[in-house]
Every structure is written in structure tokens, then in C-alpha cells.
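Undergrad: Residue numbers for the first sequence follow the working numbering, so the first one is 3 and each next one is one higher.
Any given hint could be a false lead.
Below, a list of computed lysine-lysine pairs in the DSS-like style, where the Cα atoms sit at most 27 Å apart [said to hold, decoys possible]: (1) K309 x K242; (2) K753 x K669; (3) K309 x K270; (4) K195 x K669.
If you're looking for bench data, these hints aren't it; they were derived computationally from the structure.
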Amino acid sequence: MRYPFSKTEKKWTKKWLDTRIYEPDLDKAKKPFYNLMMFPYPSAEGMHVGNAYAFTGSDIYGRYKRMQGHDVFEPIGLDGFGIHSENYALKMNTHPAEQAEVSEKRFFKQLQEIGNGFAWEERLATFHPDYYKWTQWIFIQMWKQGLVERKKSSVNWCPSCKTVLADEQVVSGRCERCSTDVTKKELEQWFFKITDYAEKLLGNLEKLDWSENIKIAQNNWIGKSEGALVQFPITELEEKIEIFTTRPDTIFGATYMVLAPEHPLVQKLENKISNKKAVEDYITKTKSKTENERIADIKSKTGVELKGVRALNPVNQKEIPIWIADYVLASYGTGAIMAVPGQDERDWEFAEEFKLPIVRTVEPPKNFKGNAYLEDGPAINSDFLDGLDINGAKVKIIKWLKDKNYGESKVNYHLRDWLISRQRYWGAPIPMIYCKKCDWQPAPLKDLPILLPKLKDFRPKGTGEAPLASSSAFYKTKCPKCKGPARRETDVSDTFLDSSWYFYRYINMDKKKEAFNKVRVKKWLPVDMYIGGAEHAVLHLLYSRFLAMAFKDMGLIDFEEPFTALRSHGMIIKEGAKMSKSKGNVVVPDEYIRKFGADTLRMYLMFIGPFQEGGDWRDGGITGIDRFLNRIWNYFESREEFSKKYPSASNSSAREEILPIFHQTIKKVGEDIEDLKYNTAISQLMILFNKMEEPLGDRKGPAKGFAALNSEEHGDFLKLLAPFTPFITEELWEKLGNKYSVHQQEWPEYKDKNLITDEISLIIQVNGKLRGTIQVAREVNEKEATEIARGIDSVKTALGKKKVKKTIFVSGRLINFVIN
RNA sequence: GGGCGAGUGGCGGAACUGGUAUACGCGCACGACUCAAAAUCGUGUCCUGUAAGGGAUGAGGGUUCGAGUCCCUCCUCGCCCACCA
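Could you put the whole structure together from the sequences, leaning on the hints where they help?
TA: Encoded structure:
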């Protein structure tokens with residue numbers, strides 16, 4: 003008989019909801035455990051198998067923790083604002099607000115079907131006004147805290163769609179939608195000053211129980227570098243060029259300066275320059291350069307000298323030329339560098355290209371064949387630094403620069419401030435108001451949420467203005483301070499802001515006054531286990547950490563790291579290839595749930611590979627799990643009959659055989675779940691079940707398991723399976739006559755004495771090669787074992803007449819005879 | 001160019017702290033059941049060899065009684081970031 007999954011799933015889904023077994027008491031829970039999974043972006047195509055994979059893996063962990071006695075809270079929501087949803091609406095010619103409702107319904111239905119222990123009563127969606135009211139509130143708190151800034155910035159621009167694009171929309175230098183090369187455009191933007199927390203974001207990493215790969219990615223992204231700021235006077239002007247360098251020790255080798263084309267000094271110098279036209283042309287050309295052209299140009303350096311002005315190298319008072327070149331980025335450091343071609347590959351290439359002088363300041367080894375020399379060595383051509391190594395020279399030159407007022411040591415970060423504004427429609431309106439008299443003011447809190455009006459034309463406008471700018475009904479308002487006429491900000495906030503704080507909302511969904519319910523925050527946060535994809539390694543996870551730090555400084559919470567433990571899961575590919583719509587190889591979970599049931603899908607997904615590494619989906623593979631679950635179903639069905647006939651069946655030799663495996667399985671499954679190694683936990687369950695199912699005696703005999711394990715132990719077997727396959731185990735648990743629910747039972751315990759067998763097999767090697775195995779008592783000593791081993795024919799043959807030089811005996815494992 | 005990770009049967013993948021390589025599953029072959037097929041069950045399944053044996057964890061070297069695991073050189077693939085001074 004086949005396991006009737008469809009009926010069973012319906013039955014238990016309803017019962018779980020009715021009896022609220024996945025709804026912990028948020029106020030009174032005794033052992034709270036916040037089991038969080040990264041909430042999905044509800045693409046309208048519905049749930050991807052990748053979502054099902056991530057959520058199942060997270061759910062198994064949560065169910066395990068629940069069985070260990072924790073009050074597990076496992077909420078779910080949707081991250082529905084943002085460009086993906088908006089683009090989909092554009093493509094389908096619908097409205098994002100309508101599309102969102104359709105997607106929401108569909109997604110929650112699919113999420114319901116995968117059998118997770120979700121706390122449905124706390125579900126949320128970021129585009130609900132109840133939710134984004136608090137997103138806006140957070141923006142205002144950040145403003146009050148001095149962490150919001152408005153400044154000019156260059157943004158991605160698609161010349162064909164005539165619109166601003168978010169970084170996520172730029173796919174290898176091209177517009178995601180029309181594949182046109184993306185260029186840059188200067189616009190005034192809102193920023194969150196995440197760089198204020200750079201040091202803390204970096205420093206705390208060490209203490210976190212996170213997947214190592216994510217910590218490394220964050221470390222690299224924050225990109226701390228220690229160096230110095232140095233001022234180079236300009237001969238023709240009072241101004242100085244300030245540069246950042248990590249190699250102040252090479253300053254004697256600075257043979258020219260380079261400014262980024264956008265550097266503000268370039269305009270100030272304009273009147274002093276004799277080749278103004280050429281400079282202007284270069285700047286125009288740079289600005290129109292596409293991202294791809296820039297990447298293609300990495301090898302060939304371009305630039306223009308600012309003729310008529312020169313800089314003074316403070317250490318030797320030599321006059322050196324000033325250039326502009328786009329290999330220097332306006333957004334990093336000070337947007338200007340001292341070029342040291344002898345010790346920097348890019349500077350070397352540039353110097354070669356434009357025939358600029360090259361001076362080595364670090365002596366390379368005699369056999370060194372390259373161009374720029376980056377390694378350590380004694381300083382040369384560097385006056386009072388000569389002979390020192392890099393570190394020594396750095397210390398000395400920084401002190402010198404400081405004493406002479408030319409510079410100081412400085413720490414720089416790769417991390418930039420978080421550009422929060424988007425000139426798009428489908429997002430939370432930024433709650434700021436501009437008044438000509440009073441400048442920028444936050445919207446009054448009583449006005450929140452600033453509702454996103456349902457605009458008919460929500461298309462990006464192409465002027466650099468957001469779609470909301472065409473709705474005077476939206477932007478016309480009064481200044482909260484002087485009550486004069488004022489204008490609302492028409493940009494919306496980045497979706498990453500919505501997703502940076504959703505886990506505070508889950509525990510406090512009441513429409514009450516505060517965003518943060520302090521009692522519950524204390525009880526439930528920080529999150530105990532957070533599981534999600536590694537693609538969020540830097541953005542989402544860094545932003546969430548940043549906000550937590552800011553919230554702590556505001557006194558809203560009393561911790562600074564929001565996720566105590568974090569694990570990233572791998573990716574599911576299909577038959578060796580990444581799934582994509584264009585390849586048409588996307589696995590849709592619904593089909594398989596309909597065909598095999600949710601338990602089978604869940605268990606198969608977890609079986610294909612280690613959860614943290616992902617796996618390769620094969621349609622054929624799922625039948626293995628299908629068979630496994632059906633065998634279990636039939637086993638328990640026949641057990642019912644069997645126990646009627648033989649109520650106290652017990653066979654000591656079967657028990658002796660199975661009990662150690664049974665206890666080993668309890669041990670291994672628990673440990674493997676803790677490590678998220680679900681694939682091997684499932685293998686172990688199969689090994690045990692294969693044994694239980696073996697017939698006792700002849701082929702027609704009853705299953706060995708019946709003779710070996712009692713009712714309670716059969717219940718324990720179901721408990722071990724329960725996190726993986728919640729439906730079938732709940733049904734069988736009931737059939738065994740147990741009290742509802744299997745998911746609220748205590749996790750079985752193993753007994754050390756039952757783990758081991760009296761007899762073990764010892765392997766016999768000669769010169770490290772396997773020559774035989776012997777069955778011996780566990781406590782066998784070296785002498786006894788050696789004697790038995792020498793008696794084996796294959797060992798005798800291998801030893802021949804040679805003398806045994808040495809015998810290696812590893813208790814419980816092997817004997818190795820070393821001969822020559 | 002930088003960072004991270006991975007290379008094991010026909011396939012997905014196991015292997016504790018260096019100790020029986022290929023667990024578990026898929027596929028395949030043969031057999032049972034069946035009028036037949038599907039489903040199910042049983043047996044077998046790294047290569048080579050009749051066997052004893054020999055060989056094999058991307059390639060090559062090293063350490064060790066013993067290496068998939070540790071060290072060195074190289075090759076291939078995947079992911080992320082990329083002119084970050």
C-alpha cells in the first residue's frame with residue numbers, strides 16, 4: 003500500500019493550525035529560541051525550489067530544538083517591496099500593488115504546503131502600510147541620531163531605459179532589463195552613515211558564531227587599510243592636494259600626482275591650466291564611459307596632465323606634475339593619490355604609458371624580474387629612510403610628516419556609506435520634507451505612515467526624478483517647522499532597509515505605539531539561529547548589524563549583534579547547471595509535492611548534499627526517498643497486525659543486533675542536525691531502518707525490528723524522523739496510539755553502554771596494506787590480537803619469511819606489521 | 001587581478017583526530033511475482049585478473065608503519081568581489 007500523503011498532509015496542516023502548536027507564548031515562553039530564516043522575495047512566479055531548500059533546512063533545525071525542550075519561534079514573511087516586483091509588474095503590465103497581493107497569496111499558500119512549523123499568526127509583508135510605517139519611523143530615528151546625510155553621488159544610469167538603476171540591477175555592467183551598458187550620473191542622494199560603525203562592524207566579527215565564509219566576506223567588504231594622509235602643496239595656489247596612501251614609506255618615489263576626474267580641485271585649478279580644453283574633454287569622456295568600458299580599460303591607462311600647475315613633494319621639495327585619470331576613484335580615500343610607479347603596478351603602467359619618471363624606493367632582490375616591486379626590502383633613494391624595512395620606514399615617515407605638519411596616520415575603509423534613496427516607485431516613501439526656509443525636516447511622527455499613493459504611471463521617469471515627483475497631491479505639504487509651503491521627498495528607500503529590521507517586527511506585530519516591545523526584545527533577541535543564502539553575506543547581513551548598533555546607541559535595544567549564530571546554506575543546481583528561466587530547468591516544488599508529497603520533497607532536498615554546500619537535483623533521485631517513506635509506512639502498517647498476533651514479541655539475538663545501531667542512530671542524527679549535516683543523518687536513518695526491515699529468520703518471517711524493539715523504541719524512531727518528515731511521522735505516531743503531537747515530544751536519548759558491541763573487527767595490515775580482518779573481543783590486548791592475526795593465511799603469505807621489524811597496534815582499530 | 005570553496009564509481013554523494021576508500025541513495029544487470037507491464041522484493045555492481053594478486057580519490061613530488069585527509073608544485077571547475085592607492 004502506498005502512503006496516502008495528500009490526505010495526511012491536509013489533516014495535520016489543519017490540526018497544527020487549530021491547536022497552535024507552532025505558536026509559542028511570546029510573553030511567557032520559558033526557553034525561547036528564535037529560529038529565523040531569511041524571508042523570501044516573493045517573485046511572482048512563485049516559490050523556487052531554492053526557497054523550499056532553505057526553509058526546510060531551517061525548519062529541521064527548529065523542530066529539533068523544539069524537541070529539545072525549547073519554545074521555538076519560527077516566523078515567516080515576505081520582502082515584497084523593490085525592483086524585482088516592480089519590474090515584474092512592468093513586464094506583465096500590471097500594477098505592483100496588485101501584483102503584490104497576488105504574489106503574497108500564492109506564496110503563503112506554497113509556504114504552507116512545505117510543512118514547516120511556521121508561526122503563521124505573526125506573518126508580515128514589508129509593503130503593508132502597518133509595516134513600512136515603522137520603516138519610515140526608523141529612517142527618522144536615524145536622522146535624529148545624526149546617521150543620515152544628503153550628498154551628491156554618482157548613480158547607475160541606463161541610457162536606454164532612461165532611468166536610474168540600483169546596484170542590484172546592474173548585471174556585469176549592463177542594465178538587467180535591456181542589456182544596455184550602464185553609465186554614471188550625478189544626483190543628490192540620501193545616505194546612512196554606516197562607515198561610522200566600520201570599526202565595530204569589523205571588530206565584532208571575531209566574536210560571532212557565524213559561517214566562516216560569511217565572516218571573511220564581511221571582513222573583505224569592510225576592507226580596513228592602515229596608512230597615512232599626506233598633503234602636497236600646489237605651487238600655483240594656496241590649495242593642497244590631500245592623498246591617502248598605505249605606503250607612506252615610498253613617498254620619495256612619488257614622481258607625479260593623480261586626481262580623480264571628479265575631484266573638486268580640478269574645477270578650482272581650471273583657470274591656471276593651459277590645456278583646459280583637453281582636460282574638459284577627458285572629463286566628459288570619462289563620465290560617458292560605461293561600466294563595461296571601464297572594466298575593459300583596466301589594462302590600459304588613460305589620463306591628461308593638468309599643464310601649468312605642479313605639486314610639491316614635501317619630503318624633497320621636488321616639483322612634480324599633476325594628472326587626472328580615471329584609474330583613481332573619487333569615492334575611495336580622498337580621490338587623489340601620490341603615484342609611486344616603482345612600488346605600485348597601476349602607477350607603473352601609467353608611468354610607462356606617459357613616459358613619467360620611475361624611482362624605486364625599495365630595493366628588490368637581485369633576481370627580481372617584474373616591474374613594480376611590492377614586497378618588503380630595504381629602502382633606497384629615500385634619504386633618511388634608507389636601509390629601513392617597510393614597517394620601520396612607515397613609522398619614521400609618519401612621525402616626520404606629523405612633526406612638519408604635512409600629514410598623519412589614517413585608517414581607511416573600503417566600506418562606503420549606504421546609499422538609501424531610489425528614484426523608483428515600489429518602496430517606502432522616505433519620510434522627509436524640504437522647506438526652502440527651514441531646509442530638510444523629518445515628517446511628524448503622527449503623520450506616519452506616509453502612504454505610497456497608487457500611481458497609475460509608476461514607470462521610472464528618466465529625468466532622474468522618482469515617479470512620485472509627478473504627483474503633486476503626494477509631494478505638496480506644509481513644513482512641520484514653519485508651516486510654510488514645502489515639498490515631500492519623492493524618492494523611496496532601498497529595499498534593504500525594509501529587510502534590515504523585520505525580525506524585530508515578528509515578535510511585536512500588534513499595532514501598538516512602539517516599534518520595539520522592550521520586554522519581548524529582551525526575551526527573544528538576539529536571534530538564536532539565522533539561516534540563509536550566502537548571497538546576502540555582505541549587504542543584508544551588514545545592514546542589519548549596522549542598524550542593531552544604531553538601535554543600541556538610541557537605547558532601543560541592549561545588544562549590538564542581532565544574530566547570535568548564522569549559517570549559510572548552499573545552492574541547489576540541476577544536473578550540474580545553475581537553474582534559470584532562460585535554460586528552462588527551474589525545479590518548481592509544487593509539482594513534486596503533488597506527485598510525492600511534501601515529506602518526500604523535504605527529505606530528498608536534504609539528502610542530496612550537505613546543507614551548507616548545496617547539491618545537485620536529479621529527478622530520478624527523489625524516488626529513493628519515495629521508496630524509503632513508503633517502506634516505513636508499510637512497516638508500521640504491518641506492525642499493527644503483527645503485534646495483535648504476537649503482542650510481546652521479543653527476540654534477544656535480534657535485539658542484540660539492532661540495539662547498538664539504534665542508539666548509534668540517536669547519537670548521530672542529533673549530532674548531524676546540530677551541524678546541519680542532514681544528508682548523513684538521513685543515511686543513518688536508512689541504515690537503521692534497513693536493519694529493522696530485514697526479515698527475521700526466513701524470507702517470509704516478520705521484520706527484525708518488531709522482534710528487537712518495543713513500542714516506545716518504535717516511537718523514538720519516529721521522533722528521529724519527525725524533523726525531516728513532519729506529516730508521515732505525525733500520522734504514524736497517532737497510529738501507534740501515542741498522544742498528540744510527535745513534534746512536542748522530547749528528543750530520544752542514547753545510552754553510551756548501548757552504543758558499543760562486545761565484538762569488534764580488527765583490521766590486519768602488512769606494510770600498511772590490508773591483509774585481513776579478525777573478529778575479537780573489544781578489550782583484546784596487543785599480544786592476543788597479534789597471535790590471532792599471525793594465524794590468518796593471507797597474513798602468513800604476506801609476511802612470508804621476512805622478519806617483522808615493528809608492530810603497530812591501535813586498540814580497537816588495527817594491527818600493522820612492518821617488514822622489509 | 002583578489003578572496004572563498006571544490007575536484008572521490010555511470011550519477012548525487014560518504015569517510016571520526018592520519019587507520020578497512022567508495023557508506024546511503026540513484027542508475028544498471030540478472031532473478032522472483034505477473035498473461036504482460038508498472039509497482040514491489042531478492043542478488044550483484046570501482047577498474048583489471050580464472051584466481052592469488054595488482055591498480056585507483058584531478059596530475060606530480062614529499063612526510064609517515066599507514067595519506068582522500070598533512071606539506072610543496074601544477075592543472076581544472078564553481079561562487080563572490082573587482083583599477084580600493
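Undergrad: So, for every hint listed, does it hold in this structure?
TA: Comparing the hints with the structure gives:
{"no.": "1", "hint": "K309 x K242", "in the structure": "holds (17 Å)"}
{"no.": "2", "hint": "K753 x K669", "in the structure": "holds (9 Å)"}
{"no.": "3", "hint": "K309 x K270", "in the structure": "holds (14 Å)"}
{"no.": "4", "hint": "K195 x K669", "in the structure": "violated (48 Å)"}
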